[in-house]
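J.: Residue numbers (my numbering), protein chains in the order written: chain A, 9 to 365; chain B, 9 to 365.
Treat the hints loosely; a few may be bogus.
The list treats identical chains as interchangeable, and a pair is accepted whether it falls inside one copy or across any two copies.
[Stated by the list, open to error] Below, computed lysine to any residue pairings styled on SDA-like, alpha-carbon distance capped at 25 Å:
| id | residue 1 | residue 2 |
| --- | --- | --- |
| 1 | Lys348 | Gly158 |
| 2 | Lys348 | Gly223 |
| 3 | Lys195 | Phe101 |
| 4 | Lys348 | Pro321 |
| 5 | Lys360 | Phe297 |
| 6 | Lys195 | Leu271 |
| 7 | Lys360 | Phe272 |
| 8 | Lys360 | Asp269 |
| 9 | Lys195 | Ala364 |
| 10 | Lys360 | Gly296 |
| 11 | Lys360 | Glu289 |
| 12 | Lys348 | Gly296 |
| 13 | Lys360 | Arg53 |
| 14 | Lys348 | Ser50 |
| 15 | Lys195 | Gly298 |
| 16 | Lys348 | Arg293 |
These are calculated hints, taken from the structure and not from any lab test.
Number of protein chains: 2
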Amino acid sequence: MSWPERADEYAPGLRFRAEIHEQPAALRRLLTHDAEFALVASVLRERGSLVRMVGHGSSDNAATYGVYAFGVLAGATALRDSIALTVYFDANFDMSGSTVLGLSQSGRTPDVIEYLSRARRRGAFTVAITNDPSSELAQVAEAVLPLEAGPELAVAATKTYLNQVAALALLAAHVGDDGRRIADGMKGVSERLEEALPVLEAQANAVALPFAYVGRMFVIGRGPEFATARETALKLLETCRTAASPLTATDLAHGPLAVLDPLFPVWTIASRDGTLSAVREAAARVRGFGSAIVACGDAADTIDGADYLLPVPSPAIPLLSPLLSVVPGQLFAAALARVKGFDPDRPRGLTKVTLAQ
Amino acid sequence: MSWPERADEYAPGLRFRAEIHEQPAALRRLLTHDAEFALVASVLRERGSLVRMVGHGSSDNAATYGVYAFGVLAGATALRDSIALTVYFDANFDMSGSTVLGLSQSGRTPDVIEYLSRARRRGAFTVAITNDPSSELAQVAEAVLPLEAGPELAVAATKTYLNQVAALALLAAHVGDDGRRIADGMKGVSERLEEALPVLEAQANAVALPFAYVGRMFVIGRGPEFATARETALKLLETCRTAASPLTATDLAHGPLAVLDPLFPVWTIASRDGTLSAVREAAARVRGFGSAIVACGDAADTIDGADYLLPVPSPAIPLLSPLLSVVPGQLFAAALARVKGFDPDRPRGLTKVTLAQ
Numbered sequence: 009m010s011w012p013e014r015a016d017e018y019a020p021g022l023r024f025r026a027e028i029h030e031q032p033a034a035l036r037r038l039l040t041h042d043a044e045f046a047l048v049a050s051v052l053r054e055r056g057s058l059v060r061m062v063g064h065g066s067s068d069n070a071a072t073y074g075v076y077a078f079g080v081l082a083g084a085t086a087l088r089d090s091i092a093l094t095v096y097f098d099a100n101f102d103m104s105g106s107t108v109l110g111l112s113q114s115g116r117t118p119d120v121i122e123y124l125s126r127a128r129r130r131g132a133f134t135v136a137i138t139n140d141p142s143s144e145l146a147q148v149a150e151a152v153l154p155l156e157a158g159p160e161l162a163v164a165a166t167k168t169y170l171n172q173v174a175a176l177a178l179l180a181a182h183v184g185d186d187g188r189r190i191a192d193g194m195k196g197v198s199e200r201l202e203e204a205l206p207v208l209e210a211q212a213n214a215v216a217l218p219f220a221y222v223g224r225m226f227v228i229g230r231g232p233e234f235a236t237a238r239e240t241a242l243k244l245l246e247t248c249r250t251a252a253s254p255l256t257a258t259d260l261a262h263g264p265l266a267v268l269d270p271l272f273p274v275w276t277i278a279s280r281d282g283t284l285s286a287v288r289e290a291a292a293r294v295r296g297f298g299s300a301i302v303a304c305g306d307a308a309d310t311i312d313g314a315d316y317l318l319p320v321p322s323p324a325i326p327l328l329s330p331l332l333s334v335v336p337g338q339l340f341a342a343a344l345a346r347v348k349g350f351d352p353d354r355p356r357g358l359t360k361v362t363l364a365q
Numbered sequence: 009m010s011w012p013e014r015a016d017e018y019a020p021g022l023r024f025r026a027e028i029h030e031q032p033a034a035l036r037r038l039l040t041h042d043a044e045f046a047l048v049a050s051v052l053r054e055r056g057s058l059v060r061m062v063g064h065g066s067s068d069n070a071a072t073y074g075v076y077a078f079g080v081l082a083g084a085t086a087l088r089d090s091i092a093l094t095v096y097f098d099a100n101f102d103m104s105g106s107t108v109l110g111l112s113q114s115g116r117t118p119d120v121i122e123y124l125s126r127a128r129r130r131g132a133f134t135v136a137i138t139n140d141p142s143s144e145l146a147q148v149a150e151a152v153l154p155l156e157a158g159p160e161l162a163v164a165a166t167k168t169y170l171n172q173v174a175a176l177a178l179l180a181a182h183v184g185d186d187g188r189r190i191a192d193g194m195k196g197v198s199e200r201l202e203e204a205l206p207v208l209e210a211q212a213n214a215v216a217l218p219f220a221y222v223g224r225m226f227v228i229g230r231g232p233e234f235a236t237a238r239e240t241a242l243k244l245l246e247t248c249r250t251a252a253s254p255l256t257a258t259d260l261a262h263g264p265l266a267v268l269d270p271l272f273p274v275w276t277i278a279s280r281d282g283t284l285s286a287v288r289e290a291a292a293r294v295r296g297f298g299s300a301i302v303a304c305g306d307a308a309d310t311i312d313g314a315d316y317l318l319p320v321p322s323p324a325i326p327l328l329s330p331l332l333s334v335v336p337g338q339l340f341a342a343a344l345a346r347v348k349g350f351d352p353d354r355p356r357g358l359t360k361v362t363l364a365q
């Protein structure tokens, strides 16, 4: 498949869709930087095994995955650190013993840059993970890991999100001396995704139409797939103007359940990992309220009574499932935006680089 | 004001409203346990200054505040830890050097209990913060801090949330040798809140009516007030069936903004701290979409063009503002539930103790 590059060939959603389809290739490009990830991992082990991740939007969603990647692959504690505490409250942390990962596609997010500058002065090992290795974020950091996703032109992130997730997994794997296995697993993911994309797109297109009048949704996942839930909800918000909220499968039962009714569908991410029973239990509660259920992921077929199924291939390594399970959400968002007449390449009110305080 | 205790005097929302009004007294009861907080703080300093907080629903919202309390008052890193990583993935962390705070009103939340048991075996100093010091959570922990909020009968938490926030501030303050000042500040908060409650309730009642047909809302805050944003959104979800999503003021600009329109109001928490300029900037972006703005907090009057104001008194110590700024949201939820004919004491599908996986 090839895509026009000239602006006069532009059609709404063309870039968004093209970038979704580029993801297997983008993932393989990231893997060519394996040696750089191994090097940064070796410094991380020396300088600080408490991993502080910072980013906004899709970057912060990827960081949700990072918590699991570092925990499972490296036995290390990774946290989505508060940017405000360091930038606005100037909290006086000793950050020696910490590694900071600044996540920003553009490398231009103001408070992420400011956070990294301060963290570096406080003794942290600072790493920029960015699609622009010449960006200001890259300049303030001690080390740079390129996302190598290629130019991302649609405002809503897709391939840069996928490569952020992959970058965190690869780095964590090298910290845990497991880089080879994870890199091989990712190569396999890129192949399975490439092969599955046409079918995934046809399925997403078929499911999107009934959602044209849906105003609100929940997206639930747990563990590493909570990252997928957050990212899927964000795609629906920004490209389809659907008020989608991400929730962990368990938090759903702690209050939000009460809001459900048959006009309030729930998107469920079900993957073959330790959290599946919690996700299935949550879906059963949802069903009790008569809400429509969309089941996505490699265990979509285990969600009893799901109204719509968007299954994905299983990765060889279960922890890599978020690289696959996010794609139906992206394709669904592209299809739903088209149905609603919105342009996912250029959602109103947004710009590619967000310079908000 | 006194409230009937017998079930045959029951009217919808009576308990929820009574418990909101009990908060100043509940806060003072917590402060009678000051010496226990000082003792636990001294052990925390010895055993582990990396603070891992776990809880669901309102308890997890309070933990959002804890990140700031420990950062600002004690220069310590506190994180809302992943429960799934330890319980479902059995990640092999060394938790010596960590203190774990298990937050649960009932002390019966299954995966919080399981997390604490495992954390204790891995060397963490484990502390239960619960309204029931005889609960299973209290039994598996090494130390117990009572919330002392008194029996909470409404399903939607109010006074236990407030006391969780206060408990985290008091513990962090003792870790930072600042217990006396913070305890005095809280006493002042309880007095200001008690005095302001009748006015706050009248204001909330006046604002609630136009929201009867609102299906979706954002609630934005930043820094410590992101806890308030999360808790306000949860009250609206569980008691009013309004699909309210919490967002940091900055994350709003990273995508979700695109969903706004004049039928999609935004509740803004504005307090006099370092994040105020970011919150004001976010509100200005919201205004560009024509959304109605509710401004709450002690800096509500600084939000340009706000349609509804719900100001609260300023605390003597700015970090304590979340103890005040959450109350208008609680009162608004009580009023809106009444307008919509719902019973906030017993939202459908929920029970007081959530035993979900």
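J.: Each hint should be assessed against the structure and marked as holding or not.
T.: Do the hints match the structure? See the list:
1. Lys348 - Gly158: neither (29 Å within a copy, 51 Å between copies)
2. Lys348 - Gly223: Both, since 12 Å and 19 Å are each at most 25 Å.
3. Lys195 - Phe101: neither (39 Å within a copy, 28 Å between copies)
4. Lys348 - Pro321: Intra 29 Å, inter 45 Å, cutoff 25 Å: neither.
5. Lys360 - Phe297: Answer is between: at 18 Å across copies they meet the 25 Å cutoff, but 38 Å inside does not.
6. Lys195 - Leu271: neither (40 Å within a copy, 46 Å between copies)
7. Lys360 - Phe272: Between. Shortest inter-copy distance 23 Å satisfies the 25 Å Cα cut-off; intra-copy 30 Å does not.
8. Lys360 - Asp269: Between. Shortest inter-copy distance 21 Å satisfies the 25 Å Cα cut-off; intra-copy 35 Å does not.
9. Lys195 - Ala364: Cα proximity of lysine 195 and alanine 364: none, with 36 Å in one copy and 37 Å across.
10. Lys360 - Gly296: between (40 Å within a copy, 18 Å between copies)
11. Lys360 - Glu289: Answer is between: at 18 Å across copies they meet the 25 Å cutoff, but 38 Å inside does not.
12. Lys348 - Gly296: between (29 Å within a copy, 22 Å between copies)
13. Lys360 - Arg53: Answer is neither; intra-copy 34 Å and inter-copy 45 Å both fail.
14. Lys348 - Ser50: Intra 49 Å, inter 59 Å, cutoff 25 Å: neither.
15. Lys195 - Gly298: Neither. Shortest intra-copy (40 Å) and inter-copy (47 Å) distances fail the 25 Å Cα cut-off.
16. Lys348 - Arg293: Answer is between: at 24 Å across copies they meet the 25 Å cutoff, but 30 Å inside does not.
Checked against the numbered hints given earlier, the structure breaks hints 1, 3, 4, 6, 9, 13, 14, 15 and satisfies all the rest.
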